[in-house]
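Read left to right, the sequence shown gives residues 1 to 980 (UniProt numbering).
Hints listed in this document are in silico derivations from the structure and should not be mistaken for laboratory results. Please note: incorrect hints may appear among the correct ones.
Stated by the list, open to error - Here are the simulated BS3-like cross-link-like pairs (lysine-lysine), alpha carbons at most 30 Å apart as the crow flies:
(1) K469 - K493
(2) K654 - K208
(3) K220 - K191
(4) K397 - K614
(5) K614 - K629
(6) K390 - K654
(7) K220 - K819
(8) K530 - K541
(9) K530 - K515
(10) K833 - K191
(11) K469 - K891
(12) K431 - K515
(13) K800 - K469
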Amino acid sequence: MQTTIASVTRPSAVPPSSSESPAADASAAGQWSSYHLIRRNGSVVGFEPSKIAIAMTKAFLAVNGGQGAASARVRELVEQLTAQVVNAVVRNRPNGGSVHIEDVQDQVELALMRSGQHDVARSYVLYREKRSQERAHEQQEKAAPVAEEDSGIKVVDNGVRRSLDMAALRATIEAAGEGLTQYIDTETILKETVKNLYDGVPVDEVYKSAILSARALVEKDPAYSQVTSRLLLHTIRKEVLGEEVSQAAMQSRYADYFPTFIQRGIEGGLLDPKLAEYDLTRIGAALDARRDLQFGYLGLQTLYDRYFLHIRGTRIELPQVFFMRVAMGLALREADRETRAIEFYQILSSFDFMSSTPTLFNSGTLHSQLSSCYLTTVSDDLEGIYEAIKENALLAKYAGGLGNDWTPVRALRSHIKGTNGESQGVVPFLKVVNDTAVAVNQGGKRKGAVCTYLETWHLDIEEFLELRKNTGDERRRTHDMNTANWIPDLFMKRVMDNAEWTLFSPSDCPDLHDKYGRAFEEAYLGYEAKVARGELKLFKKMPAISLWRKMLSMLFETGHPWITFKDPCNIRSPQQHVGVVHSSNLCTEITLNTNDAEIAVCNLGSVNLPAHMKPSANGGFELDHDKLKRTVGIAMRMLDNVIDINYYAVAKAKQSNERHRPVGMGIMGFQDCLHMMRVPYASQTAIQFADESMEAVCYQAYWASSELAQERGRYPSYEGSLWSRGILPQDSVAMLREERGGNVEVDDSSKLDWTSLRARIKEHGMRNSNCIAIAPTATISNIIGVSACIEPTYQNLYVKSNLSGEFTVVNDYLVRDLKKLGLWDEVMVADLKYFDGSLSRIDRVPAELRQLYATAFEVEPSWLVECASRRQKWIDQAQSLNIYMAGASGKKLDDTYKLAWLRGLKTTYYLRTLGATSAEKSTGRGGELNAVSAGTATAAVAASVSSTQQAPNLPEPEIVGAACTMRPGDPGFEECEACQ
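Whenever a hint applies, use it, and build me the whole structure from the sequences.
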């Protein structure tokens, strides 16, 4: 078992700290206040055992490398040896005193030698002298850099051997580091680049070597990510333009190349010929080459691999060309196309707003399928079922994400009149849906993705819950398809009241599918009365709590089905006058009506919230409402344009989208904003910011839609909507409370002038039936380099894997703070690797920073729900809300999802838990993690589920199984990116 330094280095003569917290132990410097260290120069400083451990770890780093030093065995050995050294040093000084640094070093050397670590002992003894020599050597190298006249390396360029042009290579690397020299060392990149070359190397490999050399340094400072991106950009320019072009020359080259790009794209069968009708000279002159420098490596590599257009594998797009192509595609039907295209380009290329992945893929192309999400209802007949599966394939082909409502399909053993037989139920058809999603892989860009929804009263619900299990009949399993529970409020009331629940086949009670609120309750009670009278033969009764427990059990074991709530989605829907919301979408943020004749469509994009923060009077940051208004106004116009430009593979989707004109503008970078404001996610201030920022975004979006209505006309189904009745989204919270008879605990406060907005909507109406939906933004947030949507920080240091490869991700805000304190070094990097990106066990980091940079699994899930509740009151659709839970238990799951219902949430998304492979690395006295909880700033929570993956403390039946441990970088984690 491992223990912390603080708990093993206390001499017997020194009384222990009154705190039993390792962090408190470490911070209680008083226990060493009577001991001092004499340095070589004669100065006297306080004795700090933790510095012995740090220096010893550096010695292990020098010998074993970063991964070796971060291993559990090495860390445990360092702590044991540190304890031995400290006890040996203070043994003869029980009442305090001074000790010379040479004596400490002698004890360290002795401890290392006794433990058999001879190489490390030598490294430690020579540590300070070695560092001195290294510094002197570095100074010499800077004074006499690598000879640029002739490196001795020959490169092959177009079949011709020539000497490597060291001056050009150095200039390229130095240009990549422009503006970042306080964080990075270009000389190190150059040395590593040359070191990896060989005689006769192709010239293209030289710059690949530079990219890899810079990339390897990202964990030392996040600024190296920008350097790597700029080196990659150099390579992309050569591929696209046919020659090496410097950043300084790109402003003019962009303008020159743009008309050529349009011509090449049209001739190559990629671009819409209408793009050639623009004033290409004016458009090309608007491209801003400086914005190429904004990218991090992950963002640019993602664009290069998956977004830039290519002809037979050769890219024809550069970053600013790409953004302008998207903007031009969205402005095709504008009266002043050039002005609007440039306006759209400005907010895309500045990263103020980013359109969803389908829009980025397809805007301006021959197949302009720009919409993100499609929601369908499957009818209860064989023709309708296979028509729905065909529609899935057609919609997925061009990057659409799918949400299917399967509730109308009759249950297992239901009577089939046409054949006088019995139905096989929903599950066998879902296997076909699953395999269709795999088969239609969106042109190799990403897998097809679909989520199936089923209401909780459906007689097949128990088998539906098990679709993602890894055991059982594989013919009744769907490992590649997402599933979600569509839960009526009556079920939750029965769970709360510990009452019975009855399952029916929809063939016996088809009207339940279209009812919600009190109407649903009345109809449901009527069918239960029929059961009591013996009029319904196909049903099943069970305790509601038993079904609820099974829902949570499967959610814990497989991550599915997700928990979503039918009644809030319908009672608060602006469009309840023309239909029913029967499901959400692939990522649970879309809540639109569907039926046999309408496939709901939503067009997504997200505002980069950190880009709309400005310095405040108190020295911090606050929301810039003026800039937000401008960005949201332009973004809403772009989203509305998608409806008219979009390519519709299915007629029912076109009819629905043009009738209701819904869009879904969201946000990303919420966690970045909290870092800028120096606010922990687990705090009342964060909840308040979630409330106020979402109010501002929604206010501006609804205002912009009303302005569009004044210019372009109201959406066709406007009359009778909540908008037309003067009921805004926050007003519908009261409607939900009334329908439920309570059970809605939501803060109702507001800050903006909603009276003026009501008056404007009354006069001009709305252009869009729905305006706001917070999508996951898994990929577009990578492109612009901010945290995904409303997510807390996953880890402060980790490796992200996606279709573009593996990328080191470091929390830039944390690195800057630790550098100011002199704490960012190779030991800190090793510690973060060892503790899975968490600061909670690194005691030398101040408690304030540990709280500020608490990771997702250290934030109690109740904080996530509370922030989401404040947002939800303003949103006319929903939000993709992942629940992160360390130490998952039945009680914790029960409490969290009941809280989500009570707080009026419409939907939740994945449950992310820690698996056995993520067991705590340092157990201290009681296995605590310094986690942020609802009750205190730092409180102990379990670090992981047990090695058997059982969740303790669950009322029978117990949750048992492998926790859903999908995280950023895991295969399938970004499967939902179709929705953003």
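With the threshold set at 30 Å, check whether the alpha-carbon distance from K220 to K819 stays at or below it. 11 Å, holds
Checking one constraint from the list: CA of K469 to CA of K493, max 30 Å. Satisfied? Distance of about 28 Å is within 30 Å: holds.
Is the Cα-Cα distance between K800 and K469 30 Å or less? Holds, at roughly 26 Å.
Assess, step by step, whether the Cα of K530 is no farther than 30 Å from the Cα of K515, and give holds or violated. At roughly 18 Å apart (the allowed maximum being 30 Å), K515 and K530 satisfy the hint.
With a cut-off of 30 Å on the C-alpha distance, tell me whether K530 and K541 pass. The hint holds at about 13 Å.
Given the hint that K654 pairs with K208, does the C-alpha gap stay at or below 30 Å? Answer violated: K654 to K208 is near 46 Å, above 30 Å.
Would you mind confirming whether the straight-line C-alpha gap from K220 to K191 stays at or under 30 Å? 16 Å, holds
Is it true that the CA of K431 sits at most 30 Å from the CA of K515? 28 Å, holds
Next pair to validate is K469 with K891; report whether the Cα-Cα distance is within 30 Å. 22 Å, holds
Is it true that the CA of K833 sits at most 30 Å from the CA of K191? 26 Å, holds
Given the hint that K390 pairs with K654, test it: the Cα-Cα distance must not exceed 30 Å. Answer holds: K390 to K654 is near 16 Å, not above 30 Å.
For K614 and K629, compute the direct alpha-carbon distance and say whether it is at most 30 Å. 14 Å, holds
The structure fails hints 2, 4 (numbered hints given earlier, in ascending order).
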